[in-house]
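Modelling step: build the complete structure from the supplied sequences, incorporating the hints.
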Amino acid sequence: MASTLETRQAVEEVSGDYKYGFVTDIEMVKAPKGLSEDVIRFISAKKEEPEWLLDWRLKAYQKWLKMEEPDWALLDYVKPDFQDIYYYAAPKSADDRPKSLDEVDPELLRTYEKLGISLQEQEVLSGVAVDIVFDSVSVATTFRETLKKKGVIFCSISEAARDYPEIMKKYLGSVVPMADNFYAALNSAVFTDGTFVYIPKGVRCPMELSTYFRINEANTGQFERTLIIADDESYVSYLEGCTAPMRDENQLHAAVVELVVLENAEIKYSTVQNWYPGDKDGKGGIYNFVTKRAACRGENSKVSWTQVETGSAVTWKYPSCILQGDGSVGEFYSVAITNNYQQADTGTKMIHIGKNTSSTIISKGISAGKAQNVYRGLVKVLPNAENTRNFTQCDSLLIGDECGAHTVPYIEAKNPTAQLEHEATTSKISDEQLFYCLQRGLDVEDSVALIVNGFCKEVMMQLPMEFAVEAQKLLGISLEGSVG
Amino acid sequence: MTLKNYFDSENYKTNFELTRATLPGQDVTWLSALREKSISKFAQMGLPGPKVEEWKYSNLNVLNSTSYETTNENCDSDEQTDKLLDQANIENINGSKVVFVDGYYSDKLSNIRSHNGVSLISLRELLKTNPGNAEKFFKTTPDENSLRNLNVAFMTDGFVLDIDDNVKLAEPIQVVHISTKSSDTKALRQNNYIRIGARASTQIIESFIGPDHINSWSHNVSKVVVEEKASLEVYQFQLEGDETIHMNECVVETATDAHFRHYSLNVGGKLSRTEVKPTLSGRHGQVELRGAFLGRNGNSHDVFTHMKHMVPQCNSDQIYRGVLDRGGKSAFQGKVLVAKDAQLTNADQSNKNLLLDRNAEANSKPELLIYADDVKCSHGATVGELDQEALFYMKSRGLETSAAKALMVEAFVAEVYQEIELGPVKEKYLSVARQWLEGKD
Numbered sequence: 001m002a003s004t005l006e007t008r009q010a011v012e013e014v015s016g017d018y019k020y021g022f023v024t025d026i027e028m029v030k031a032p033k034g035l036s037e038d039v040i041r042f043i044s045a046k047k048e049e050p051e052w053l054l055d056w057r058l059k060a061y062q063k064w065l066k067m068e069e070p071d072w073a074l075l076d077y078v079k080p081d082f083q084d085i086y087y088y089a090a091p092k093s094a095d096d097r098p099k100s101l102d103e104v105d106p107e108l109l110r111t112y113e114k115l116g117i118s119l120q121e122q123e124v125l126s127g128v129a130v131d132i133v134f135d136s137v138s139v140a141t142t143f144r145e146t147l148k149k150k151g152v153i154f155c156s157i158s159e160a161a162r163d164y165p166e167i168m169k170k171y172l173g174s175v176v177p178m179a180d181n182f183y184a185a186l187n188s189a190v191f192t193d194g195t196f197v198y199i200p201k202g203v204r205c206p207m208e209l210s211t212y213f214r215i216n217e218a219n220t221g222q223f224e225r226t227l228i229i230a231d232d233e234s235y236v237s238y239l240e241g242c243t244a245p246m247r248d249e250n251q252l253h254a255a256v257v258e259l260v261v262l263e264n265a266e267i268k269y270s271t272v273q274n275w276y277p278g279d280k281d282g283k284g285g286i287y288n289f290v291t292k293r294a295a296c297r298g299e300n301s302k303v304s305w306t307q308v309e310t311g312s313a314v315t316w317k318y319p320s321c322i323l324q325g326d327g328s329v330g331e332f333y334s335v336a337i338t339n340n341y342q343q344a345d346t347g348t349k350m351i352h353i354g355k356n357t358s359s360t361i362i363s364k365g366i367s368a369g370k371a372q373n374v375y376r377g378l379v380k381v382l383p384n385a386e387n388t389r390n391f392t393q394c395d396s397l398l399i400g401d402e403c404g405a406h407t408v409p410y411i412e413a414k415n416p417t418a419q420l421e422h423e424a425t426t427s428k429i430s431d432e433q434l435f436y437c438l439q440r441g442l443d444v445e446d447s448v449a450l451i452v453n454g455f456c457k458e459v460m461m462q463l464p465m466e467f468a469v470e471a472q473k474l475l476g477i478s479l480e481g482s483v484g
Numbered sequence: 001m002t003l004k005n006y007f008d009s010e011n012y013k014t015n016f017e018l019t020r021a022t023l024p025g026q027d028v029t030w031l032s033a034l035r036e037k038s039i040s041k042f043a044q045m046g047l048p049g050p051k052v053e054e055w056k057y058s059n060l061n062v063l064n065s066t067s068y069e070t071t072n073e074n075c076d077s078d079e080q081t082d083k084l085l086d087q088a089n090i091e092n093i094n095g096s097k098v099v100f101v102d103g104y105y106s107d108k109l110s111n112i113r114s115h116n117g118v119s120l121i122s123l124r125e126l127l128k129t130n131p132g133n134a135e136k137f138f139k140t141t142p143d144e145n146s147l148r149n150l151n152v153a154f155m156t157d158g159f160v161l162d163i164d165d166n167v168k169l170a171e172p173i174q175v176v177h178i179s180t181k182s183s184d185t186k187a188l189r190q191n192n193y194i195r196i197g198a199r200a201s202t203q204i205i206e207s208f209i210g211p212d213h214i215n216s217w218s219h220n221v222s223k224v225v226v227e228e229k230a231s232l233e234v235y236q237f238q239l240e241g242d243e244t245i246h247m248n249e250c251v252v253e254t255a256t257d258a259h260f261r262h263y264s265l266n267v268g269g270k271l272s273r274t275e276v277k278p279t280l281s282g283r284h285g286q287v288e289l290r291g292a293f294l295g296r297n298g299n300s301h302d303v304f305t306h307m308k309h310m311v312p313q314c315n316s317d318q319i320y321r322g323v324l325d326r327g328g329k330s331a332f333q334g335k336v337l338v339a340k341d342a343q344l345t346n347a348d349q350s351n352k353n354l355l356l357d358r359n360a361e362a363n364s365k366p367e368l369l370i371y372a373d374d375v376k377c378s379h380g381a382t383v384g385e386l387d388q389e390a391l392f393y394m395k396s397r398g399l400e401t402s403a404a405k406a407l408m409v410e411a412f413v414a415e416v417y418q419e420i421e422l423g424p425v426k427e428k429y430l431s432v433a434r435q436w437l438e439g440k441d
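Chains as they are written, first to last, in this note's numbering: chain D, 1 to 484; chain C, 1 to 441.
The set of hints was computed from the structure by calculation and includes no laboratory data.
Check each hint, because a few of them may be wrong.
Here are the simulated lysine-lysine pairs, DSSO-like style, with alpha carbons at most 27 Å apart [said to hold, decoys possible]:
id, chain 1, residue 1, chain 2, residue 2
1, C, LYS229, D, LYS283
2, C, LYS335, D, LYS349
3, C, LYS426, C, LYS229
4, C, LYS13, C, LYS56
5, C, LYS51, C, LYS405
6, C, LYS277, C, LYS108
7, C, LYS56, C, LYS41
8, D, LYS66, C, LYS51
9, D, LYS63, D, LYS79
10, D, LYS169, D, LYS150
11, C, LYS56, D, LYS66
12, D, LYS63, D, LYS46
13, C, LYS97, C, LYS229
14, C, LYS426, C, LYS56
15, C, LYS128, C, LYS37
16, C, LYS97, C, LYS13
17, D, LYS268, D, LYS148
18, C, LYS56, D, LYS280
19, C, LYS108, D, LYS79
20, D, LYS370, C, LYS340
21, C, LYS168, D, LYS79
22, D, LYS370, C, LYS335
23, D, LYS370, C, LYS376
24, D, LYS457, D, LYS370
25, D, LYS79, C, LYS277
26, C, LYS56, D, LYS63
27, C, LYS108, C, LYS181
28, D, LYS349, C, LYS51
29, D, LYS59, D, LYS79
30, D, LYS66, D, LYS149
31, C, LYS51, D, LYS63
32, C, LYS229, C, LYS41
33, C, LYS376, D, LYS457
34, C, LYS37, D, LYS349
35, D, LYS268, D, LYS169
36, C, LYS405, D, LYS355
37, D, LYS349, D, LYS268
38, C, LYS277, C, LYS168
Treat the numbers as computed from the prediction; the structure is a model and nothing was measured.
Listed below in structure tokens is the structure:
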């Protein structure tokens, strides 16, 4: 097919130049390279953490030492050398925290401007409170006041450890135990910063909460930790998005996200991930090994994960839901786009424990160039989970004959009243669809963009307004005219 | 006193040393060398544990408490053997019949009809008369599959079917594997080889049967080659006793325009595992796999398929149905691989499971691995109970609950076998399923 060649050229053109690949020149304070108990003590001291948290980190470190890096995923990459990574890097001005935007390092502000997330603009126009993480330390937090009035706690996790030790002690590691897996254990030992959100009983968070993560400074592993607790009858929508500068060496990112949802509460967690995927020869790019898990503890609680994954050289990510409360609901909507030498092994786990629990999984994988894209998911129904319901749909789209799309679902039912459905399809863009668009006067690029947008629509529709714009931009960059 | 754990591969090494002199073909140099290599490779690899992905859902701990020495040849057919043979019998099928008792070919019970261009012989006989000819069926190096190595090391017999080009056999060939009471705590290992020449065609009906309360391990490995434009249909019935470990692996290779069809029905066994692994290595090849597994009272059924599309323009289709009643457990693992250049592949797969009781478990892992872009691949998997509305409808029409249920389950299973053209075989499948539903399996 003639369009295939054009497409491939288009993909190359598009992906040859990573729009967000620039490096900000700010002096960093670093911990010594490598990982040891001393480095963990250094991080803990830098964050002015209480004693119990340091102990917790050290315990996790001891467990991590005994663990082995998993290799069951369908991924092929050079394993990171954990002694060749900086575990702590913070902008120098962090010791002297700015009180307002005017005090923020102008270099930083310019970086955000390049990314199109001017703080002032967001503050004034969009009404989104942004807790920006520049490498490891939160440097500016907005709308704290508005949220405070409602009783919502929205702060960095190190602040939370100091100011809200009781809640932290109760929930930290309660969804993702410190030794849950290799990368979660590593994160537990060395996590540098992240976001803490607590929505009190009966509160509907007045705005969408958002954190932009950014990886800067070469060789700094980024170990974010997010903990969100939605108390009874509350609601919050949380947005997470990221871009990273172009780098040659692989940067490791091992985040942990824990969500706790209590009775009748709901958390909507949306991610747009656009880290540097490496160049077209597969050099460089981010390793993204993330553990995300939500525990629906209360009755009729609900969690909705939406993700648009376009970046990273290697992605290893399975946002999961533990549906413990009766009538709880888990949702997973995902678009994963891989191009060039990108590899993604992503999916979800739905563990049905409570009665009348239900889950929906919609996964759209798009694979182009020499990329490999895997959906890996588990739907498990325990013996006491009466009347559970699951619907899973995994569709894969292949662009070019050198990429791969794989589907590995696990379905385990131990209760006869469960109704589980799984379906998966793999195909390329149909010639008929393309021909139809072409003969209506659209060029190949627009036609393909149209078809791919249609392919992903079910998922894109789930994104909050503010995010949908960015996600569409991203789809545009990674795919428009790149498929055929 | 500590119990001896026979899971240890040392147990099999000891067994091998004890029995090697009595195994068929002990004086054939290439075979003794191969057996030797196979057992040491097996000892190195051990039995697959639950950490091995392909054996994730099978608990081979059931092999712990028994040493499973090789069966001895059992020459006398008794009443029981006749009864089992009768149970496995399919009316109105008149082709050649090959019967194995406890893993050894029984000349007395078999009836091989000579046919031009068809060679059907037991492996043991072939090793006696023309061992050089048997050599080509085996790889000279040990396998990466530990159980296949175990099978080769201990195999006592099997059948070799070679059909010349252009020969179309009108009557199906029947193969019956019987395990008797004397196979208790022992292992029956057979290795079979089937080659269907170009443009030839045949059908094979294979039954595995044994009495209840016999802890034997029936372990079959078959290698099948379907040449250009040839066609092979295999119909399997697994009717083992309730304490039996049943393992059956069928590795198939199809050439250009070849057609392979595999039907199976699993009802017996403490742990039964059916593996079908077709490799489509010629264009326009077509493979259809159909099967059902019915489990209760400690039956654990595993069905494992691995469909490899290596060249363009092939079709494959899989339909598997599981019915799990009290104490039944199942695992369906179906992998479809489409290699890099296998464009224009169509591959479908469907696995549906019915849970009839609270104490039943169904696992399903359909897997697609696709490295070519111009393909149509799909899989569907469901787990659920009987449709309450349909049940209510039938009850409102005056049917007893049990009758209505049976009707629905029967229809659910029958879907697998509806395309079978061989009337008596289709009827046998349905009647075995019906008997199981009535609790008389």
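Outcome of the hint check:
1. LYS229/C / LYS283/D: violated, 47 Å
2. LYS335/C / LYS349/D: Between LYS335/C and LYS349/D the Cα gap is close to 20 Å, so the pair holds against 27 Å.
3. LYS426/C / LYS229/C: Answer holds: LYS426/C to LYS229/C is near 25 Å, not above 27 Å.
4. LYS13/C / LYS56/C: Within the cut-off at roughly 25 Å; holds.
5. LYS51/C / LYS405/C: Between LYS51/C and LYS405/C the Cα gap is close to 38 Å, so the pair fails against 27 Å, i.e. violated.
6. LYS277/C / LYS108/C: Roughly 33 Å between the alpha carbons, so the hint for LYS277/C and LYS108/C is violated.
7. LYS56/C / LYS41/C: Between LYS56/C and LYS41/C the Cα gap is close to 22 Å, so the pair holds against 27 Å.
8. LYS66/D / LYS51/C: holds, 18 Å
9. LYS63/D / LYS79/D: holds, 19 Å
10. LYS169/D / LYS150/D: OK: LYS169/D and LYS150/D at ~23 Å, within 27 Å.
11. LYS56/C / LYS66/D: holds, 24 Å
12. LYS63/D / LYS46/D: holds, 23 Å
13. LYS97/C / LYS229/C: holds, 26 Å
14. LYS426/C / LYS56/C: violated, 33 Å
15. LYS128/C / LYS37/C: Within the cut-off at roughly 21 Å; holds.
16. LYS97/C / LYS13/C: Answer violated: LYS97/C to LYS13/C is near 35 Å, above 27 Å.
17. LYS268/D / LYS148/D: holds, 20 Å
18. LYS56/C / LYS280/D: Cα-Cα ~37 Å, so violated.
19. LYS108/C / LYS79/D: violated, 62 Å
20. LYS370/D / LYS340/C: holds, 11 Å
21. LYS168/C / LYS79/D: Not OK: LYS168/C and LYS79/D at ~56 Å, beyond 27 Å, violated.
22. LYS370/D / LYS335/C: With a Cα-Cα distance of about 22 Å, the restraint between LYS370/D and LYS335/C holds, given a limit of 27 Å.
23. LYS370/D / LYS376/C: holds, 19 Å
24. LYS457/D / LYS370/D: Judged against 27 Å, a Cα distance of about 24 Å means the pair holds.
25. LYS79/D / LYS277/C: violated, 33 Å
26. LYS56/C / LYS63/D: holds, 25 Å
27. LYS108/C / LYS181/C: It holds: about 19 Å lies between the C-alpha atoms, which stays within 27 Å.
28. LYS349/D / LYS51/C: holds, 19 Å
29. LYS59/D / LYS79/D: Since the Cα atoms of LYS59/D and LYS79/D sit roughly 24 Å apart, the hinted pair holds (cutoff 27 Å).
30. LYS66/D / LYS149/D: Not satisfied, since the Cα-Cα distance of roughly 46 Å exceeds 27 Å.
31. LYS51/C / LYS63/D: Holds - the C-alpha atoms of LYS63/D and LYS51/C are around 21 Å apart, at most 27 Å.
32. LYS229/C / LYS41/C: Given that 27 Å is the threshold and the Cα spacing comes to 37 Å, the pair is violated.
33. LYS376/C / LYS457/D: Given that 27 Å is the threshold and the Cα spacing comes to 21 Å, the pair holds.
34. LYS37/C / LYS349/D: violated, 42 Å
35. LYS268/D / LYS169/D: holds, 24 Å
36. LYS405/C / LYS355/D: holds, 25 Å
37. LYS349/D / LYS268/D: holds, 17 Å
38. LYS277/C / LYS168/C: holds, 25 Å
Violated hints, listed in ascending order, are 1, 5, 6, 14, 16, 18, 19, 21, 25, 30, 32, 34; each of the other numbered hints is respected by the structure.
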